Amino acid sequence: MWSMIKNEWRLLIRNRVLLGVSVGFIGLLVLTIYLGNEESKEQSERYEKAKAHMCEQWESIKEMNPHGAAHYGTYVFKPNNSLSSLDEGVNNITGNVLRVEGHVQNEIVHSEASQSQVVSKFGKLKGSLILQYTVPLLLIFLAFQSISGEKQSGRLKLLLMQGTKPSKLIFSKALSVWLLGNLLLLITILAYALFIGSDMNSEIFTRTAFLALSYSLYYFVLTALTIYFSIRWSNSNVSLTTMLGIWIVWTIFLPNIIMSSVENWHKLPSREEFKTAMDDDRSQGLDGHNPEDERSKELEEQTLKKYGVDSVSQLPINFDGIVMQADEEYGNKVWDKHFGDLRKVLTKQKQSYQLGGIINPFISLQNMSMGFAGNDNLHHQEFLVQVEKYRRVFIKRLNDEHAYGGSKSGEWGWKADNAFFKSVEDFVYKPTPFAKVVSNYVMDLVLLLLWVLIACILLILGTKKMRVL
Amino acid sequence: MIKIENAVKSFKGQKAIENLTLEISQGEIFGLLGANGAGKSTTINMLLGFLSPDSGVVQIDHKNCSKDSKEVRKHIGYIPENVNLYPYLSGIENLDYFSRLAGLKYAKSELKDFLSSCGLQEEAHKKKVSTYSKGMRQKVGIAIAYAKKAKVYLLDEPASGLDPMASNELSQLLKKLASEGAAIVMASHDIFRVREVCHRIGILKQGKLLKEINSEDVSANELETLYLDFMKN
Numbered sequence: 001m002w003s004m005i006k007n008e009w010r011l012l013i014r015n016r017v018l019l020g021v022s023v024g025f026i027g028l029l030v031l032t033i034y035l036g037n038e039e040s041k042e043q044s045e046r047y048e049k050a051k052a053h054m055c056e057q058w059e060s061i062k063e064m065n066p067h068g069a070a071h072y073g074t075y076v077f078k079p080n081n082s083l084s085s086l087d088e089g090v091n092n093i094t095g096n097v098l099r100v101e102g103h104v105q106n107e108i109v110h111s112e113a114s115q116s117q118v119v120s121k122f123g124k125l126k127g128s129l130i131l132q133y134t135v136p137l138l139l140i141f142l143a144f145q146s147i148s149g150e151k152q153s154g155r156l157k158l159l160l161m162q163g164t165k166p167s168k169l170i171f172s173k174a175l176s177v178w179l180l181g182n183l184l185l186l187i188t189i190l191a192y193a194l195f196i197g198s199d200m201n202s203e204i205f206t207r208t209a210f211l212a213l214s215y216s217l218y219y220f221v222l223t224a225l226t227i228y229f230s231i232r233w234s235n236s237n238v239s240l241t242t243m244l245g246i247w248i249v250w251t252i253f254l255p256n257i258i259m260s261s262v263e264n265w266h267k268l269p270s271r272e273e274f275k276t277a278m279d280d281d282r283s284q285g286l287d288g289h290n291p292e293d294e295r296s297k298e299l300e301e302q303t304l305k306k307y308g309v310d311s312v313s314q315l316p317i318n319f320d321g322i323v324m325q326a327d328e329e330y331g332n333k334v335w336d337k338h339f340g341d342l343r344k345v346l347t348k349q350k351q352s353y354q355l356g357g358i359i360n361p362f363i364s365l366q367n368m369s370m371g372f373a374g375n376d377n378l379h380h381q382e383f384l385v386q387v388e389k390y391r392r393v394f395i396k397r398l399n400d401e402h403a404y405g406g407s408k409s410g411e412w413g414w415k416a417d418n419a420f421f422k423s424v425e426d427f428v429y430k431p432t433p434f435a436k437v438v439s440n441y442v443m444d445l446v447l448l449l450l451w452v453l454i455a456c457i458l459l460i461l462g463t464k465k466m467r468v469l
Numbered sequence: 001m002i003k004i005e006n007a008v009k010s011f012k013g014q015k016a017i018e019n020l021t022l023e024i025s026q027g028e029i030f031g032l033l034g035a036n037g038a039g040k041s042t043t044i045n046m047l048l049g050f051l052s053p054d055s056g057v058v059q060i061d062h063k064n065c066s067k068d069s070k071e072v073r074k075h076i077g078y079i080p081e082n083v084n085l086y087p088y089l090s091g092i093e094n095l096d097y098f099s100r101l102a103g104l105k106y107a108k109s110e111l112k113d114f115l116s117s118c119g120l121q122e123e124a125h126k127k128k129v130s131t132y133s134k135g136m137r138q139k140v141g142i143a144i145a146y147a148k149k150a151k152v153y154l155l156d157e158p159a160s161g162l163d164p165m166a167s168n169e170l171s172q173l174l175k176k177l178a179s180e181g182a183a184i185v186m187a188s189h190d191i192f193r194v195r196e197v198c199h200r201i202g203i204l205k206q207g208k209l210l211k212e213i214n215s216e217d218v219s220a221n222e223l224e225t226l227y228l229d230f231m232k233n
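These protein sequence lines map, in sequence, to chains F and X. Per the numbering used here, the first sequence starts with residue 1, numbered consecutively. Per the numbering used here, the second sequence starts with residue 1, numbered consecutively.
For the record, the hints were derived by calculation from the structure and aren't laboratory data. Worth double-checking, as some hints may not be accurate.
Here are some chain X residues the structure puts well away from chain F; computed CB gaps all over 10 Å [claimed, not checked]: (1) N45; (2) D61; (3) A102; (4) S116; (5) E123; (6) S167; (7) N168; (8) S171; (9) E196; (10) Q206; (11) V218.
Straight line, CA to CA, 25 Å or less: simulated SDA-like cross-link-like pairs of lysine to any residue [unchecked claim]: (12) F/K464 - X/E71; (13) X/K205 - F/L469; (14) X/K70 - F/F339; (15) F/K168 - F/L461; (16) X/K12 - F/S167; (17) F/K62 - F/V428; (18) F/K464 - X/D54; (19) X/K67 - F/S167; (20) X/K67 - F/R155; (21) X/K127 - F/D279; (22) X/K70 - F/M466; (23) F/K165 - X/R100; (24) X/K134 - F/R14; (25) F/K165 - X/A35; (26) X/K108 - F/G163; (27) F/K6 - X/N84; (28) F/K157 - X/L226; (29) F/K157 - X/E157; (30) X/K105 - F/I13; (31) F/K6 - X/P87; (32) X/K70 - F/V424; (33) F/K157 - X/K12; (34) X/K67 - F/L459; (35) X/K74 - F/F339; (36) F/K157 - F/N235; (37) F/K157 - X/A35; (38) F/K157 - X/K127; (39) F/K430 - F/N201; (40) F/K389 - F/F339.
In this text the structure is predicted, and so the values were computed from the model without any measurement. We put the beta carbon where it would ideally sit given N, CA and C, even for glycine.
Bound conformation, chain X alone (with noise of 0.2 Å):
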């Protein structure tokens, strides 16, 4: 579903993306794990098309990112570290512009479907976002790649500053989402969610992809100790 094949990256001169290669499948979860200024958001922000690679190639059900961005953002759903929606809008309003702006109009009882489906409390459904948490912004947000019938989910920091309950709500939706047949990739520094949450993870340190790793086969304090070490050589 998604190929990364010897993709570069340079940002005057700066190398922010080395020879990355990636594959992963549908119904995968794949954790990219990186300290700050690693390549994680660059990697995003080529598969979202709104970055060109260099050279390699960038791709998404076999179309190319950045070419044919229009029609490969047509199965993505993004959700960034801040879910920045419409404050004065309610949680099924903002959904609800946000479909139409995709072309999807759906009857109320739908997007309070899509909703409840992501998380999202009903008695929320129609208050101010702007008195939402940090986590209830997400779900919307991950409701709204949800309406849109998203094929691939690329999240940057997705549980940076949720609560605990928040995360772990995140996680078991993430996984619902990949049991129903979406590719995921997640990029995070937080390293016990990655090693529950996703199939596969990569490390990344300065561009390069340093170590793919089955979640499988680490334990989270392993991976941790794998990460620091990689991080300190």
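One chain only, chain F, in its complex shape (with noise of 0.2 Å):
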């Protein structure tokens, strides 16, 4: 099989138009990594800079009021991850920025899509890219006419007059395909781990490696299918019409219409829906601003019988403080309530649109793809989360220094010195364990080997279908 699969490269390598398709697809390739890793380090840069100048700008308070600080609030970047360069999964459209401040729950804003003067169908040019769309139109160009073609000529009976078994011809023309896509994937990876350098740490190559074993797997799937083809139809033109269409439904149409259909099955509340339904939940609670309000007089009361004093001006604490934080975790209650409902209907469609590898292993790649990049929904979920336990935090280290920091109930004047700005931590965003990342695509990688067994069934099922004549 070996001599065979040689040989077929040989001829590649011969071909000067396909070598030369060949060496233009892995110039395009190392050109897109290499300024995908620029723009990536550029956003780096600028994610640091942004920081930096916000922690600047925080640590340079003097004197502020603790409570007014939280109002200030700060901003919190969505850090950028090397392999960007590779899939940008989700980050282009999901923004970066997020202002975290008292009272609420702010959406992250910026998104790179909603800066750019260009919107393209298929996102911007990163080697998932080439690697999802074009790299699969290069095998199947390779292999419509594997065994047709040879039929068509005619040599496919000398090749089995020398005792070639036909199961053995069928793989080797399935495997030397594949194994140039592999080659493609390889170089993909190696500039990838070139241009960053020192940054390359056994998180990243992990990630990496099964981003790689995914668009394999892949490739396997596709050149399989294509050699099958090219064995059902005796002419090579049918098989690359059949596998072009089967590109196009599989990377175009049934993306499209599996999201809509999960969509409609799991709907997600209207932005208004949601908003309204939040501030209805939210005007339950305490009105920090309003000592009137009915649920902080039940606080006083607590808290004069805590402190054994008759009136909140006998008291040794700010009350406005602890006011303001019990305003603060019944927010966050209600953040919970109705964000927890919103990432369980997220869940659910992501569930459901996993299922549609079963028909399309399309959808499985795609997802592995950005989900081992670490720039899916899942991982920009975990950055919202991480944020709000900052924000909670945050704001509750502000209203703790305004209740216990040495001010009476009323002091809206009172302000908090320099020392204790600086002392109030930043933000630190905890990367996904990949661990979890992999529990999440268990689902895609089993569809994904099952749709390898099915193609291996496939060419054996060619085998015994192969006509000479």
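With the hints as a guide, bring both chains together as one complex.
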């Protein structure tokens, strides 16, 4: 079998057109990864700069009322991931800046797409665009006449007359084309590793390896299917047309159709509905700025009892800070409830969409590619949760300072000093552990492996169906 | 060496071969003459094991061609009308590759000898097959069978499209192979070439072997008259 694969590669290398196309692909891939990496570096620099600027701004507060500072707030930036140069995933549209302040959980803003002059259906030129859309086309063009071409030229008879087993011939053809896909993949990964240099670590290596594995499996499915149609149809044009049809359906139509269906099955509330529901629930809580509020009064009684005094003015602490924190905590519960529901729907949507991999392995590939690159919605949601956790700690520190920092109730003019503001911890993003990422993509991996099995079965069936005359 | 006995083959109810009986010995060249659709290619495909007869016997070296096709093919050299080799490989590389597929590994000098024995000029050995003429490709095709040490050569319209010189070289080559003990079946339209090369000639019409002739018994003109008479009636 090895000599047949070697021969196929020798033919590829000697065919100037195919060689030119392959070299062109390699050049394009390397250039794309280089540009993606440069952009990624630039984004990281911008991120660091903005982060440092916000940090400096915060730490330069000389004196300020802590609750005033909570309203002043700060900004948290979504860190850039070096794997974005391979697959940017949803990052382009989700936004990367979030304002952190008291009383409100803001939405993430400033997506790259919102600032772009050009909107492309396929997104930006990234490694994933070429690896997902263009390389499969190259593999189809290389494989579509593997068997039908041999038959049409009459060489199939000669090959079989030399004692070649049909199964050996079919698998050699499939493997030689698949190996070319893997070579392109390997070059992409090596170029990426070269460009990121010392940023490579075991986490990125593992993610890259899994990403490459998912592409490799998909390329096998696509190649094997093309070879099967090349056996099934004696006319090469028919096998090419069939595969191009499948490519269009898999990569363009089915992902959109399945996503729309999933969104209909598991509906998310509209922005207005969601906001109204949140506001309604939020209005049931304490009004931190209104001392006449009933729940504030209840809290006041509890606090007076706790400190054994009769009036707020006798309290050794600032009661306003306690009210503010209680209000925050109520708001947090409302957020947890509504965003929890939203996340449940998003999880259901994701799981249903993953099932689309049963009829479309491209969906499994796309899911795994952005998941392993750390740029899927799961990572985005994880970032939002971490920011919210940080916001709670951040606001609590400010409210606690307001309550227990030395001021008395009603002293809205009291100010915390610079040392306090400097002591407030900055937001640190903790990347999602890879084991958690993998556990979310087990279904995609299993479905893609099932497709590999189906592809192998088709090749074996093709062996039996292969007609020489 | 080759035995066909009462072989019948039909396609969708249409008989392509009807009670064909033939025996060809080692060292013998048998010519199958007939118009298009007479059953020449069907006969060759049955011998190659790509088609099974509906009834009757098709054997090479006492082995059933369709049931023992793997074993039978080891001893067959097949030269189609157009020998389609790999155009981006040279003659010697094609020969090496096809020999390896048959499980045979030859040294470069041996490969060169095979090609030269089959009449391919040495300066062409390393040239890409895409630059070869049809005759040159056919010589490589024969060299592939020769390197396989085939006992039986099956040729389907081998002289079609060849210039007179190449055609003559092919005739000499086939005679040489027969003299080394090979049994050869050559299907052709070319009455004069068949008369010149073959020891015996069979005229096929609508799947039936109408006549078997010893080529020594007829001149080329007599064979042509005989053939045309059969075709007209």
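For each hint, the structure was consulted:
no.: 1; hint: N45; in the structure: violated (6 Å)
no.: 2; hint: D61; in the structure: holds (16 Å)
no.: 3; hint: A102; in the structure: violated (4 Å)
no.: 4; hint: S116; in the structure: holds (21 Å)
no.: 5; hint: E123; in the structure: holds (20 Å)
no.: 6; hint: S167; in the structure: holds (20 Å)
no.: 7; hint: N168; in the structure: holds (24 Å)
no.: 8; hint: S171; in the structure: holds (22 Å)
no.: 9; hint: E196; in the structure: holds (26 Å)
no.: 10; hint: Q206; in the structure: holds (20 Å)
no.: 11; hint: V218; in the structure: holds (33 Å)
no.: 12; hint: F/K464 - X/E71; in the structure: holds (19 Å)
no.: 13; hint: X/K205 - F/L469; in the structure: holds (22 Å)
no.: 14; hint: X/K70 - F/F339; in the structure: violated (68 Å)
no.: 15; hint: F/K168 - F/L461; in the structure: holds (13 Å)
no.: 16; hint: X/K12 - F/S167; in the structure: violated (29 Å)
no.: 17; hint: F/K62 - F/V428; in the structure: holds (24 Å)
no.: 18; hint: F/K464 - X/D54; in the structure: holds (21 Å)
no.: 19; hint: X/K67 - F/S167; in the structure: holds (18 Å)
no.: 20; hint: X/K67 - F/R155; in the structure: holds (22 Å)
no.: 21; hint: X/K127 - F/D279; in the structure: violated (82 Å)
no.: 22; hint: X/K70 - F/M466; in the structure: holds (16 Å)
no.: 23; hint: F/K165 - X/R100; in the structure: holds (13 Å)
no.: 24; hint: X/K134 - F/R14; in the structure: holds (21 Å)
no.: 25; hint: F/K165 - X/A35; in the structure: violated (34 Å)
no.: 26; hint: X/K108 - F/G163; in the structure: holds (22 Å)
no.: 27; hint: F/K6 - X/N84; in the structure: holds (19 Å)
no.: 28; hint: F/K157 - X/L226; in the structure: violated (34 Å)
no.: 29; hint: F/K157 - X/E157; in the structure: holds (15 Å)
no.: 30; hint: X/K105 - F/I13; in the structure: holds (23 Å)
no.: 31; hint: F/K6 - X/P87; in the structure: holds (16 Å)
no.: 32; hint: X/K70 - F/V424; in the structure: violated (81 Å)
no.: 33; hint: F/K157 - X/K12; in the structure: holds (23 Å)
no.: 34; hint: X/K67 - F/L459; in the structure: holds (24 Å)
no.: 35; hint: X/K74 - F/F339; in the structure: violated (72 Å)
no.: 36; hint: F/K157 - F/N235; in the structure: holds (16 Å)
no.: 37; hint: F/K157 - X/A35; in the structure: holds (23 Å)
no.: 38; hint: F/K157 - X/K127; in the structure: holds (24 Å)
no.: 39; hint: F/K430 - F/N201; in the structure: holds (15 Å)
no.: 40; hint: F/K389 - F/F339; in the structure: holds (13 Å)
Comparing the model with each numbered hint stated earlier shows that hints 1, 3, 14, 16, 21, 25, 28, 32, 35 do not hold.
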